[in-house]
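**Student:** Listed below are the residues making up each chain.
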Amino acid sequence: MAARKTTKKPNVSAEELKTYYREMLLIRRFEEKAGQLYGMGLIGGFCHLYIGQEAVVVGLEAAAEDGDKRITSYRDHGHMLACGMDPGGVMAELTGREGGLSKGKGGSMHMFSKEKHFYGGHGIVGAQVPLGAGLAFADRYKENGRVTFTYFGDGAANQGQVYETFNMAAIWNLPVVFVIENNQYAMGTAQARSTSTKDIYHRGEAFGIPGEIVNGMDVLAVKAAGEKAVAHCRAGKGPYILEVKTYRYRGHSMSDPAKYRTREEVQKVREQSDPIEHVRELLLTGKHATEDDLKAIDKEIKEVVNQSAEFSKESPEPSVEELWTDIYA
Amino acid sequence: MATEILMPALSPTMEEGTLAKWLIKEGDTVSSGDIMAEIETDKATMEFEAVDEGIVGKILISEGTEGVKVNTPIAILVEEGEDASALSAAAPAAAAEAEAAPAAVEAPAPVAAPAPAAPVVDLSPDWPADAEMVQQTVREALRDAMAEEMRGDEDVYLMGEEVAEYQGAYKISQGLLDEFGAKRVIDTPITEHGFTGIAVGSAFGGLKPIVEFMTFNFAMQAIDQIINSAAKTLYMSGGQMGCPIVFRGPNGAAARVAAQHSQDYAAWYMQVPGLKVVMPYSAADAKGLLKSAIRDPNPVVFLENEILYGRSFDVPQVDDLTIPLGKARIWREGSDVTIVSFGIGMQYALEAADKLAEDGISAEVIDLRTIRPMDTGAIINSVMKTNRLVTVEEGWPQGSVGSYISSVVMQEAFDYLDAPVINCTGKDVPMPYAANLEKLALITTDEVIAAVKQVTYR
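Going down the list, the protein sequences come from chains A and B. So for the first sequence, this note's numbering puts the first residue at 170; every next one is plus one. So for the second sequence, this note's numbering puts the first residue at 19; every next one is plus one.
FYI, nobody ran anything at the bench for these hints, they're computed from the structure. Watch out, some of these pointers could steer you wrong.
[Unchecked claim] Lysine-lysine pairs mimicking DSSO-like chemistry, simulated, CA-CA at most 27 angstroms apart:
1) Lys-283/A <-> Lys-201/B
2) Lys-373/B <-> Lys-406/A
3) Lys-482/A <-> Lys-189/B
4) Lys-445/B <-> Lys-457/B
5) Lys-373/B <-> Lys-403/B
6) Lys-311/A <-> Lys-250/B
7) Lys-87/B <-> Lys-428/A
[Said to hold, decoys possible] If you want the ones that stay clear, here's a sample from chain B, every Cβ over 10 angstroms from chain A, calculated:
8) Thr-59
9) Gly-99
10) Glu-180
11) Thr-214
Just so you know, these numbers come straight off a predicted model, no measurement behind them. Glycine residues also receive a C-beta, built at the ideal position from the N, C-alpha and C atoms.
Working from the sequences, and respecting the hints, build out all of it.
**Tutor:** Now the structure itself:
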């Protein structure tokens with residue numbers, strides 16, 4: 170866990186900082202609400218919350234341009250909110266309703282938005298990595314200058330297809346940023362027990378893919394690293410790896426008793442490295458915002474999240490005819 | 019405002035649990051993330067965190083209580099200055115919210131699959147009767163199909179092991195690199211799982227890949243991407259994300275290549291909704307079906323056969339030969355028995371029909387051509403005429419294509435059957451290497467003849 174560093178002088182405007190604060194807070198409040206709805210039995214099955222990792226997607230989305238693509242695994246709610254997908258549509262998918270982004274047929278792990286260039290939402294650990302390289306393959310084929318952010322975790326980093334993909338991304342010079350969201354636990358297995366290397370991005374060196382470690386609790390550090398990686402890809406230099414060290418506060422899924430780590434460990438990260446508190450501090454100490462300004466943002470976010478929850482409850486279950494649609498195009 | 023804390027569901031299957039321990043007491047201030055209680059679910063003991071901020075006004079369920087139903091109020095949170103008596107106002111609201119959960123206990127009435135359509139069979143010819151015919155091998159027909167589609171659509175590309183510079187392990191892609199260049203005819207490393215995933219991703223990204231597997235045996239390395247990613251994504255995305263892709267290559271036994279290179283996958287892929295599965299026999303069908311498969315907006319598994327690659331057939335010389343997926347072909351009309359086959363199985367079916375004719379048995383031979391969607395109407399119509407059915411395939415017997423056909427015919431045409439259906443299949447063994455044993459493991463024309471004689475009681 171990289172300790173939070175006080176960023177020297179943030180090279181961002183007050184407005185941008187506020188935007189990051191708002192976007193990260195939206196993810197956190199949304200996920201808390203999802204956890205609550207799960208507890209009430211409104212959300213079923215598996216539900217993997219993103220709480221603690223907010224700075225990763227918000228920082229990288231800040232480095233993305235229109236038309237860039239993103240793809241991830243099943244801990245995907247944060248990615249969808251960060252790329253601008255409708256919170257109501259996401260929440261209604263979690264509750265399995267008609268108004269969900271997949272009409273209630275995908276659930277927490279399987280959501281997509283062609284409009285926002287979000288390609289899922291995949292439930293098979295590691296499978297999204299070649300798929301993401303494939304999106305980049307299509308962009309390179311079309312010579313459209315787009316970049317794909319392919320997210321995967323420290324757990325997926327041990328899947329063979331990741332390295333098959335590294336190899337092909339390198340030989341074909343694909344414009345893909347591999348983002349390893351290293352939250353240190355593959356479900357309940359600590360990285361040191363599952364992974365031969367301490368820093369996973371080093372594995373890219375075997376394929377000639379450059380990469381670096383990023384402090385995933387600092388949205389500005391993530392953004393800066395994202396910009397560097399994207400510039401590398403857009404310059405036609407091929408793939409780039411960002412190993413973003415982060416931490417999830419909640420269990421792997423809702424039914425995780427979290428016996429593999431201590432309460433103190435979680436508490437320490439929350440107290441010392443929380444990504445939202447970090448930006449809050451920057452805003453307040455830099456006098457970019459007052460407590461009242463931030464309270465207003467909190468209120469506004471709470472409202473958005475409550476509305477999404479309301480929508481997700483009011484939206485009807487999909488009609489029974491939906492069972493038989495969307496099997497073939 | 020006072021809020022009720024409800025007994026949470028902490029696993030996908032939890033209906034009730036034990037409130038093992040309270041970690042807070044009345045009067046404590048809690049904030050989001052604080053642990054409030056330990057709850058034993060059906061799986062484990064879990065810590066239960068606060069979501070809202072507030073002061074614990076009242077604990078409603080004492081620790082140690084077993085069998086607490088999900089959504090039962092277990093405590094009341096109040097705001098500063100509020101006392102727990104405010105809880106009575108909060109209770110109905112929370113209860114109403116809990117009711118909003120869909121009643122999961124009540125099993126929904128089963129939704130029947132749409133009733134099978136009455137067999138309306140497309141018997142239209144696949145090409146004009148006066149088309150000029152030229153002899154061509156299946157190999158040439160497949161290459162021509164790819165070349166024509168690549169000429170017509172910039173987004174179509176071919177990827178696979180040895181497809182470019184080597185000109186194809188079985189020479190199917192001969193000449194394509196020269197015509198279309200390395201951008202569109204792409205040699206991959208030997209890494210099926212990875213390159214299949216990349217191809218599927220590129221289809222999500224708007225391209226129309228043709229993935230050549232050196233054999234479908236190697237596609238088992240990639241079957242997760244074929245099924246979980248290519249076949250299911252349209253459904254999982256509520257219709258947003260289609261996957262126009264063709265997976266093609268030789269399938270089934272060749273000659274003396276033994277167990278790991280000799281499996282027929284028709285029955286495997288046939289099972290998957292979202293996939294289309296094609297298995298041509300003749301060169302004309304190989305060409306027309308491959309062109310249709312490349313244009314199809316869905317993932318298509320296109321199963322070829324190494325032994326058939328070199329076989330010549332009449333191919334109509336028409337401008338744009340396409341054959342619709344899902345349409346069977348009646349190769350030979352007959353009245354005594356229906357023989358249904360596909361791919362190389364057709365060779366045995368047709369040979370058997372010739373020999374049976376000499377014995378005065380008139381066999382109708384149907385080439386399914388597409389295994390999914392299956393033209394069951396063509397089979398049923400034929401069985402209504404002949405009243406007897408034999409299926410022929412090279413794959414294993416348990417869960418074979420023939421066993422599916424048998425069940426369809428039993429359900430939809432039972433009254434027309436005058437004899438039990440017989441499935442002629444490969445033997446239920448891994449393919450042996452020894453020449454004599456391999457011969458025994460494969461289906462033979464004699465076995466088809468014997469099956470027909472059995473169902474016709476000759």
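**Student:** Output the numbers, in ascending order, of every earlier hint that fails for this structure.
**Tutor:** Hints 2, 3, 8 and 11 not satisfied by this model.
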